[in-house]
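Order-wise, the sequence lines are chains A and B.
Under this note's numbering, the residue at position 25 of the first sequence is numbered 25, and the numbers go up by one with no gaps.
Under this note's numbering, the residue at position 275 of the second sequence is numbered 1275, and the numbers go up by one with no gaps.
It is worth saying that the hints were derived from the structure and are not from the lab.
Don't take every hint at face value.
Label pairs and their calculated CB-CB ranges [unchecked claim]:
#1 B:Leu1149 / A:Pro14: 25 to 35 Å
#2 A:Phe72 / B:Leu1025: 37 to 47 Å
#3 A:Pro180 / B:Leu1149: 43 to 53 Å
#4 A:Leu305 / B:Ser1064: 50 to 60 Å
#5 A:Leu231 / B:Thr1192: 55 to 65 Å
#6 A:Glu216 / B:Leu1025: 20 to 30 Å
#7 A:Leu163 / B:Leu1035: 28 to 38 Å
#8 A:Ile243 / B:Asn1202: 30 to 40 Å
For each residue, glycine too, the CB sits at the ideal point set by N, CA and C.
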Amino acid sequence: MLNYAASRLLQVIPVMVIVTLIVFLLMSLVPGDPVLVLAGFGPEDRQGISQEQYDALVNRLGLDQPIHVRYFQWLGNIFRGDWGISLTSQRPVLTELLSRYPATIYLAASAMLVTLFMAIPLSILAARFQNKIPDYSAMSFAVLGLSIPNFWLGLILILVFSLHLGWLPSIGYADPFDQPLEFLRHIILPAVVLGAASAAQLTRYLRSGMLEQLGEDYIRMAYAKGLPELLIMFKYAFRNSLIAAITVIGLEIGQLLGGSTIVEVLFGWPGVAKMLLDGIYSRDFPLIQGAVLVLAATYVLVNLLVDLLYRWIDPRVRFS
Amino acid sequence: MAARRAATGASGWARAFGVLARNRLALVGVGLVSLFVFTAGLAPWLSPYEPDRITITVAMQPPSLDHWMGTDHLGRDILSRVIHGARIAFVVSVGAVLLGATIGIPLGFLSGYARGWVDHAVMRLMDALLAFPGRLLAIALVAAMGGGLLSLWIAISVSSLPKYARIARAAMLEQRERDYVYAGQVVGESHTVLVSRYIFPNTVAPLTVALTIDFASAILIASSLSFLGLGFPPPTPDWGADLSSAMDGMEFMPWAAIFPGMALSLTILGFNLLGDGMRDVFDPRHYDQ
């Protein structure tokens, strides 16, 4: 297990290097003069800048250096905690991102809870009553959940639960430690919208895992011994199908982090993804780079943890 | 069941289509996808009004005989915008899927055929692309390159590259150890001929399933980008952008948010059902699931 953990950790390094390289190179794709873009000027501002000021900008931004030197300088700065200054707020990018990070994590974690609360009972019901009404209903939910875009689902839920019934707020945020009840009221809709597609995906996966387990000899043996069905379903079949599903859960966390851009914008949720979008609208490139890097690094680390957890939970793998 | 099994034998595509035709959900998928393609192709003739014609006097009208899906805050006919939106979704998704497949599949083949360091290098690059959660890479690329058709094609295809490369690599690894490939090598066929004439035809099935399901994903990502204001500039009739602009007046004209979303969802549903049906035909592991 320790060997596996060490080799899995080592695998993360090249992936993270390429991730940082992609994030760094994103800036080379930006159309227009990179000096003006990185300094926060529009193309029309070139006329108002003297050659001396322009050269000073090139020097300050390090753009007179070859690209590989700039990459290593940028990477070094990232490790030192110098992620640049946001062009819009003039505050350090890292400070801005850290202030928004908890909101994104609360949302992703709540959406994951929604995913599990929906997927587990639905998949058990579907597998237990295969090719009967509960199965068809669960599978219809799964196909619809995968087909309805989360922004449309969000709009419909806002229309029903906020505008018509007035039960839940359609926008805003409350701190979970200062106002826990308000926080709950605000997070329900975004978490359901974000978690629905992942729940659909996981329901399909868990159902097929359950069906596979229910066909195994040890389940037949358990029935033959006269064990109660609930025990067989939960303790045997479900637990074993969950082990294989853990990897899928890890991948779904990526969907949640990627999907959170839309949900944070739709519900005015003040997380990193909303900050990324605000950065895009105001062409604040240091902020864009920082936000993309934070979200991608979170995903890589979560998947690393999920992989290690998977190895640790499954005794067949742990003792092999 | 027996018919399904028969379809995976050597009898080929005709029997596979026969099996698909007996799967009711897949047929619903075929119907929805056909409707989408038909609407996209004939949009100018099907649409009752110009999609960007502003008529303030009929703004915010609920569905009626004149305007079956109502009008938006500028008096534009929503049905006409939904019909033309299909054309935009079609162009974006076809371009993105083809671009992703054209680059990803040869990369996967190369990786699986060459193996060794080439395989290692290509797959680590794909791992890094997969390290970006879902739509994030597409958003970041469009943010850097700006909106427009070419940016959307590139952004969406880059995020689907790893998927194609992995499927193509797996198919290649499975096929290249088969006897018929060794037979080809023995008679002195070149690598190009072996891959293009011998191996490729046998990898078409899993790749076709991946392509079909990827249409759903391409349409979803494209509409998400448009919803965030990163797609086409207004007044382009685009489902995602129209949903975004419907947000503000949703309380007074819910139809402006309902119909474009319904068209989008039904299209994605169609490709998902068709993709599931095709997977059942080609992949015996999915029988009875």
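Results of checking the hints against the structure:
1. B:Leu1149 / A:Pro14: 25 to 35 Å: holds (34 Å)
2. A:Phe72 / B:Leu1025: 37 to 47 Å: This hint is violated: roughly 54 Å between Cβ atoms.
3. A:Pro180 / B:Leu1149: 43 to 53 Å: holds (47 Å)
4. A:Leu305 / B:Ser1064: 50 to 60 Å: Because 55 Å falls inside the window, the suggested range holds.
5. A:Leu231 / B:Thr1192: 55 to 65 Å: With a Cβ separation near 59 Å, A:Leu231 and B:Thr1192 satisfy 55 to 65 Å, so the hint holds.
6. A:Glu216 / B:Leu1025: 20 to 30 Å: holds (28 Å)
7. A:Leu163 / B:Leu1035: 28 to 38 Å: Given a distance of about 31 Å, which is inside 28 to 38 Å, the answer is holds.
8. A:Ile243 / B:Asn1202: 30 to 40 Å: 33 Å Cβ-Cβ, so the 30 to 40 Å window holds.
Hint compliance for this structure: hint 2 is the single one not met.
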